[in-house]
Structures are given as structure tokens and as C-alpha cells.
Amino acid sequence: MNFAVVVFPGSNCDHDAYHAVKHVFGQSAEFVWHKETSLGDADVVILPGGFSHGDYLRTGAIARFSPIMASVRAFAEAGKPVIGICNGFQILMECGLLPGAMLRNRDVQFHCEHVGVRIEQADTPFTGKASVGQMLRIPIAHGEGNYFAPPEVIAELEAHRRVIFRYASADGEVTDAANPNGSVHNIAGICNEGRNVVGLMPHPERAVELVTGSADGRVVFESVIQHGV
Amino acid sequence: MVFDSATLQRHGVTPDEYARIVELVGREPNLLELGLFSVMWSEHCSYKSSRVHLKTLPTEGARVVQGPGENAGAVDIGDGLAAVFKIESHNHPSFIEPYQGAATGVGGIIRDIFTMGARPIALLDSLRFGPVEDPANRRVVRGVVAGIGGYGNSMGIPTIGGEVMFDETYSGNPLVNVFCLGIARHDALVKGQASGVGNPVYYVGAKTGRDGIHGATMASAEFDETSADKRPAVQVGDPFMEKLLLEACLEVMQTDACVGVQDMGAAGLTCATSETGSRGEVGVEIDVMHVPQREAGMTPYEIMLSESQERMLLIVHKGREAEVERIFEKWDLHAVRIGEVTADKMLRIRDHGTLVAEVPNRALTDEGPVYRRPFAPPADMAARQRMPSVDATQLPVTLDALLRLLASPGIASKRWIYRQFDHMVRTNTIVLTGLGAGVVRVKGTNRALAMSLDGNGRFCQLDPRQGARLAVAESARNVACAGAEPIGATNCLNFGNPERPEIMWQFAEAVAGIGEACVALGTPITGGNVSLYNETAGAPILPTPVIGVVGVLEDASHVRSRVFQDAGLDIVLLGENHGELGGSAYLTTFLGTISGVPPALNLAAEGALQRFLVAEAGLGAITSAHDCSDGGFVVALAECCFDSGGIGADVDVPAASGDGEVGMAAATLFGESATRVILGVKPEASTALLERARSAGVAAQRVGATGGTQIRVAIDGVVAIECPVSEAEDRWTNGFSQWLESPPQRRG
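Sequence lines, in order, name chains A and B. Sequential numbering of the first sequence, starting at 1, is according to the numbering used here. Sequential numbering of the second sequence, starting at 230, is according to the numbering used here.
There may be inaccurate statements among the hints.
[Unchecked claim] Now the stretches of chain A that chain B is said to cover, found in silico as 3 or more residues with beta-carbon under 8 Å:
#, stretch
1, 14 to 23
2, 104 to 112
3, 210 to 224
It is worth saying that the hints were derived from the structure and are not from the lab. Computed from a prediction, not measured in an experiment: that's the story for all the values here. Heads up, the beta-carbon is just placed ideally off N, CA and C, and yes, glycines get one too.
Turn these sequences into a full structure, and let the hints guide you.
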């Protein structure tokens, strides 16, 4: 499969996403500079983590205006798989492909640590090989990952099973103690109505090789590769 | 003389130095020229007090690719790759404005690394603060930690380790020493030098503002009349700009269009132009009119002395300009041609064509004053080294004593700090932060690099030479514990005012100690930094040389952390316990004193121990390794149990002779004898391991086994301390954040 890893100025997990799909999973991968207008022959688009444009205005707020984003939108609207990780998730919300916004973590500190993440739905391209309720231990690394949306939006997300990942304790309990940033309903990741666009704050691309502390993120990549086969 | 003595004083230039300037320039300098000399001959840039001592350090070795003198040092790590690394201090700014001071410290050292053509892949920090009971110190701790995170996280360079210590002397003088390591191909290393007459000189990055013009060099009577405003001397960092510069510069360097690159750090444009010219034995001529400026009406003086961050100077091959400009444009950066390389070895500065300064490059960079400042040991050395007379009740060997030590700020887990640092980005971190030395794999090879920062101001206060030797030994030992062979070192030397003989003595002794240990352990110094004048109202910091050692692990899969991997392992202690309590964390915690004689160090034994740890890396018998340092054997043993999922340990150690009968138990368990490592060893492999240790001349004994839920420590068969792992781990895990959040105590 062909993965496009979009690079914004200030992206810094672009190399990690590229390494995961290219070297760990043996897929074809290309960096796509944000000033490009074409995604080429990509089958999957990854918006990687980082601090696009320094995140000086609001996380992801400027990146949505990048030339490549028109193609990303068209790609998404065609029903093809798009995943936004961390800053990529924030960009997807800013450009309206996903609902909600990120507040600063409730303790106003940056958190980098492994957390428990529960798979809530297995009918997206990125969770097809997972089972509902499966627990992943994968890293987060963000200062603004406190997911917020108005109650009616949350209700709609829940009603349509669009919460895909939730922070949970090691034994799968959704508790406040397992919530690292204060996100509403412990939401760690969601999808769009068409279920082909997924955004999440945790970093599955950092958890694809045991040597780095966890390989639980593999299922996200294995799912989309299987999806495309 | 055209300047009055007050002007010279404000520029930090002595009358003798001024006479030398006149001699070197061949006439009286103008104010701008005086400014150039004042920054380039400052202690920070010229090392005028420290140079004679630094020259004694070992800087050569088979692995050394680049020694001191460039932006960073480099050592060979195989496969045609080099590890490029250095440590720098940003102490004074971090006290004035903790967030920006620390942030720009991170920015500065990162620029030093990518200026060499290396991709930065790891950061470490060595930090010193005053006790946080004082709200002023608390502000510094919070600001510095947030600033390091704010900059490093944005850059996408993981902060994988470091060390933090507290002492009253760091109140008002916090230390922020930042280490950065990058990777480059040997043949792609870029030097900070200009060459090729007629080659254009480019400026790229942030605009030049009035920030960072040093207070001492800024104010003068003449200068006041023309300067509109005076800004604080602390710079403001822009990590996004630096990220763009990093990516753009590395892309430019992949072409061969660049002759040389130099970042603008201390002394800004002055340093970058004169050093590139001097290293290349050429001249550099620029017109400040072309320098991008953040505000209107800046004088040549201000432009040349500004320390605005995130700026680079590039010397480009004539004819390749368009290529270079195109790459910077891609990153929305505008590379501006500000001048060119000339043949006459002069630094020539013009302002709209008019010559405003003209001085020989070498006069600025190489012909500055060198001082052999007088030195003498402090008068109270003997008193410092005397152990206090105490009775047994003051030296507790109890469960409570262990818990108190584990929760003490210097020993407790620093998770509150490193959780705020992205320590996993780039997916190379293979020993998670807090679990041992910082270790990153090198993608595309089987290798990994281990690195550690260490320094012990308490030991140095009591004996600077011995303290420095111990710091080198500990840093290299930490790297060897991970399985890596120590191959190079960098140092950051933090001291008080060198004009005082006892401070200069501390400095000279520490440098001598570093040299002795680096020679013995095979870790040449490839670069570093000196920070002097760390004192307030005549009260200096503890002498604090910080050593960073880098090691290579041939097979990344052999890496070891400090954590016991399983129950039922044999616990083996390498090295000998001499029961040395002098300068220990234990004495400081329970007696509130820094006294006694620091532990002895046999460098031959230390080298043998480290070689043994490296040789064992591929053999599989050792599953974890942790050195004994602050808090001694029992604290180290407890740390081996932490993060293991609650695996306990049951050990029995022989009594050390100790400091008299009273302190025997405390000295045995909490003394900080050097050259000791606790191993978790597969039981079926331990007999052979002990045999190999014996052949290698390394003292080794099986002292117990892992398992159960208790940490149980006996001395000669008598249980001295028994503690549930869970309770110990809870105190250790939360001790630091609880201390930081405890009610502040305002003083006086």
C-alpha cells in the first residue's frame, strides 16, 4: 500500500510515522510537503504529530490552510482512510473533518508517558483487526489533548459509535484516574460519520516495536494494511 | 585614550586589555570595535581564566573525529557515522527568566549540533536548584522544566535523561546545563569556517533585535546618546523558527553548496563572522545594512552584539547561491547575502557602505588575554573534611531512614520532571527515561548510543579533584551499566568567581581530576563549556563540574536497564564496599551537613569493572545493572526493584569497616563507595559470571536473590532493614512532587 505522510512546517513525528509504515511494515511511503497540491497515488493519508507552525496561534489552526489540505479533504470525502495523530488530530478538527477541539491538559502540563487506551469500535479502517474492548498501552506526548465538544456533539458521537479510542485503566475500566488530560468521556480518539477519518491523541506509531517499550500500536497499522488488501 | 575608564569598565575591558587591543589593531579602536573586543574577550567567549587549565585535558583518541575548537566534538561510532555532542550552560539567564533562559539554552546547544551537519537525536539536562521550600526557587524549578520542555518538545528531539540536585548554594544560582547529541556521516561533517575569497556570506533565520545585548557591554556614555531603549539581556526563544532552520540547514548541507556554517550564539554576529574567518584564515566583510532587523534604527553596535536567537551564518560556494536560497525558501526562510569572504584576514564591517569597523579576526578569536589566575585552597578545607562527631541516634539504620532517603529530593524519582519532556519522539529511545542511562538506537545499524550526565557538588566541595574524578567515573559507569563502551566525554564546569584564589583552586583541581579520570577510562574530552561567576553576594555555588559520557553498544538488543527483570534472579554486587559516608546524601539528609572526605576511587579497578560490564553485554547472564551512587547500596537496591512490577530482593552483605563502631551499619548500607554495581543475574549463569569477574580482576559476590514483595537487607546475617517494595516505591515515586507541592516557607 502507498502511505502519504504529510509534512507541515513544525511536524516532528513525520519521520516516526514514515519509519513505522516503511521499515516496520514494509509498505510504500512518501513524505508529502504541505505546499504540494497532490497526494499522488496514496491509499492512506497520515497527518503526523508535532507542532505545525509552532502551534503558536492554536494547535493545528494554521495548518488547515496549507495547499495540500484541499486534497486531503477530497481524499477523505472519497471515503479513503485518513488518520490524524496528535497534532494531526488537531488539524483534522480545525479543518472540520472531525468535530470538537482540544483544551490544555487539565494540569496544564505536557504529558509524555505510556497510557492505557481501550479500543471502542472495530469497524474503522484503523481498528478492523482489533477487538472491541482490547487494551493498548501506547504513549501520549501532548500539552493540549483535553478533548472537548458541546454535550450534543458528544451525545451524537456516542450514539453513532464514533468514539474509537478511550483512556482506560490496565484492566479496561474507564476511570478518571486513567484519564491523563481531562478529556470528556475519556475520549482519546474519534472518527467521522463515514468512519474513514480517524483522529487520536496517543501515538500508535511510537509503539510498533517492542524495543521502544510497547508494540501495542501495531494493530492500528495492521488494520489499515488489511483493510486495503 | 578616547574612552574614559567608566566606559572600559562597562565593557568589562581592563586597562591592560585595552592596551593590548590598541597594539593588535594598530590604533585606538572606535566604540563598535571596543564592543567587538569586549564580547569576544569576555570570559564566556574567550575562556581567558580557564584556558591554561583546559589545555591539560586529554582530547585525543582513536575514536575522536573532532576535538575541541569546533561547534561540537565528534567521535566515531562505526559504519562511517559519528556521534556529535556537547554540553552548554545557560545558568545566569535561567535565574533571571527561568522559562526563556532554559528554553534558549536548549535552542543554543541544538544549533551547535546541527551546525556540524548532524541530525540531533537526544537531549539531556543537568540541573541544580535551591530547596523548593523557598517560593523563589520553586518558581525557578517550574519555569526551567517548562522551558526545557517547551523548546525540546517542539523541536521533536527527545529529552532522554539527566540529573537534578538541590542545595542551598544554588538558590539565586541555579544551574541549567544542556547536552545534545546528533548523528552525522564522517564525510558530511560541516565546519564553522569560511574559505574561498569572493564566496558569499549568508544570514538566515530570525531577525536581529535588541535582545540579548549584554548589559555590561551595552551601556556607555557615548552609546546612551544614540540608543533609544535598553532591553533585558535575556533572549526569547522561538522553537518553531529553530525547527525550520534545523530542517532547512540539514537539507542545504546535503548538497555540497556550503563551505561552512556557524550558528550565532553568544556574541552573535560578531562571534560567527570572526570565528569563521579566523578558522579559515581568511577575512570576512559584511554590511550590517543587509542584516534583517526586527526594529528600526538599530546601530551597527547593536546589530553586531545582539544575541537574538535562531540565527545562522553560512558561507556558500560562489555560483551555488540560487540552490541554497531555493531550499530556504521552501521552508519559508529568507537567506540574505550580507557580505563575502576576503583574503586579508580582517573582519570588516560596513554600514550602508561606510567602513565602521576593521579589526584582525585572530585578534578577536585567538589573541585575547590569557590569565594564570592565582589559586590556593580554601582556608577551611581541613574543617570541611572532618566528620562531625555524632552518636548512634543521629545515624539511623531503620525503615524510616530508608523511606526518608528515598523520598528526598535528590534521590526521589524525577518523573514529575521528565514526564513534561517528550522522551520518546523519533522512536529511538530504548531505555525509557528514569530507568537508567539515556539510550537511543541508531536506525540503519544494530548499534545504540548510551549517554549519562553526572556531577556531585558535595564531593567537589570536600575535594574538587576527587569529586571530579568520581563524576567522570560515575558517568562512564552508568553508560557501561547499559552495556555500552564509553568512548568520549564532554564537560560543563560550573564554578564561582575565578578572581578569588580558592575558586580558581577548585577549578584547577577539578580540571586536573577530570583529566586523570578521562585518561584512565579512555574517554577523551571533545568539547565543553565553562560557566564562572556563579555566586551571589560572595557566596559561591558548590563547585559543580558536570560530565557527559557517550558510549557505544554494538548490539542494541543487548541493552540493560537498572530494573530487576524477574523473580528468582541472583543478585550480584560488583566492587567493594569501604563504608565511606563522607559527602554522602545520607549525611546531608540526616545531619544537614556536607562534610568528611569523599569516597576513594581506584581508577584501575574502575576501568576493569567498566570493561567487564561491556564485555558481558552479549553474554546474556546479566539482565539488569545499576550503579550505587547517592544513598549507597540500599537505595540502589531499592531502585533495582522499582518499576519492576513489585519484585522484591533479599540480600545479606558483609559489614564494612565504616567510620568507627557507631556508624558501621549506616556506612555499610548508605556509604557511597565508588565502583560498585548491582546486577540481576540468571541463577544458572551466576557461577560462571563470578568466575569471569575474578579473571577480569573485578571484585564480585553473590549477595542475595530477587523475589517476594519485600526489600530485605541483612548485615552479616542480621536483618537491618525490611520494607515492602510497594511502600518504598510509593515514597520514591511521589517524594519529589509532594515536596514541590508542599506549603512554601517564606524566609526572613
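Now the hints, each set against the structure:
1. 14 to 23: holds (count 5)
2. 104 to 112: holds (count 4)
3. 210 to 224: With 3 residues in contact (Cβ-Cβ under 8 Å with chain B), the coverage given for the stretch 210 to 224 of chain A holds.
Going through the hint list in order, the structure satisfies each hint without exception.
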